[in-house]
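The letter at position 41 of the sequence shown is residue 40 when you use numbering that gives the first Met the number 0, and the numbering goes up by one with no holes.
Keep in mind the hints are simulated off the structure, nothing from the lab.
Even for Gly, the Cβ is constructed at its ideal location relative to N, Cα and C.
Pair by pair, the computed Cβ-Cβ distance ranges are:
| hint | residue 1 | residue 2 | range |
| --- | --- | --- | --- |
| 1 | Gly47 | Pro118 | 27 to 35 Å |
| 2 | Arg6 | Ser60 | 17 to 25 Å |
| 3 | Gly22 | Gly47 | 36 to 44 Å |
| 4 | Ile70 | Gly40 | 15 to 23 Å |
| 5 | Gln88 | Asp68 | 15 to 23 Å |
| 6 | Glu137 | Arg6 | 31 to 39 Å |
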Amino acid sequence: MTMTLDRRTELLAAAPLLAGVDGDGLAYVAERAVEVEFAPGTVIARQGDVGTGLFIIASGSVRVVRDGDTIATLGAGEFFGELSVLDGQPRSAQVVADAPTVCLALASWDFEAIVHERPDVSLAIMRGLARRLRGQTEAHRH
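The whole structure should be built from the sequences, with the hints applied where relevant.
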């Protein structure tokens, strides 16, 4: 099923990665995001491959697997694939659909266009990434 632009914008508005982005910025991202559906068991991102996009989960859930160990389970509103898009390095983990999953995918070239053309959206994305990094850092502190 193909989502309308309004539905893509609504889903992006609920994603913590884009917290603080205004309606125009969300619509700008939504115009570039592509809806992709994955059946359970589908490998969405393969560890070691260079990624060409990042994903925001619209519905369903995925497992993040590094070196055979599940390190996280992600659901609606959460994102993955951003590191490879940002640094051009191979993916650090594999991501597998656990259930029928729909994602909004943003190709690396579209992500780069957003960074260049919409500094407000870029700043929101950086803040979203920083929140995730801070959360991971603090979760592992004893």
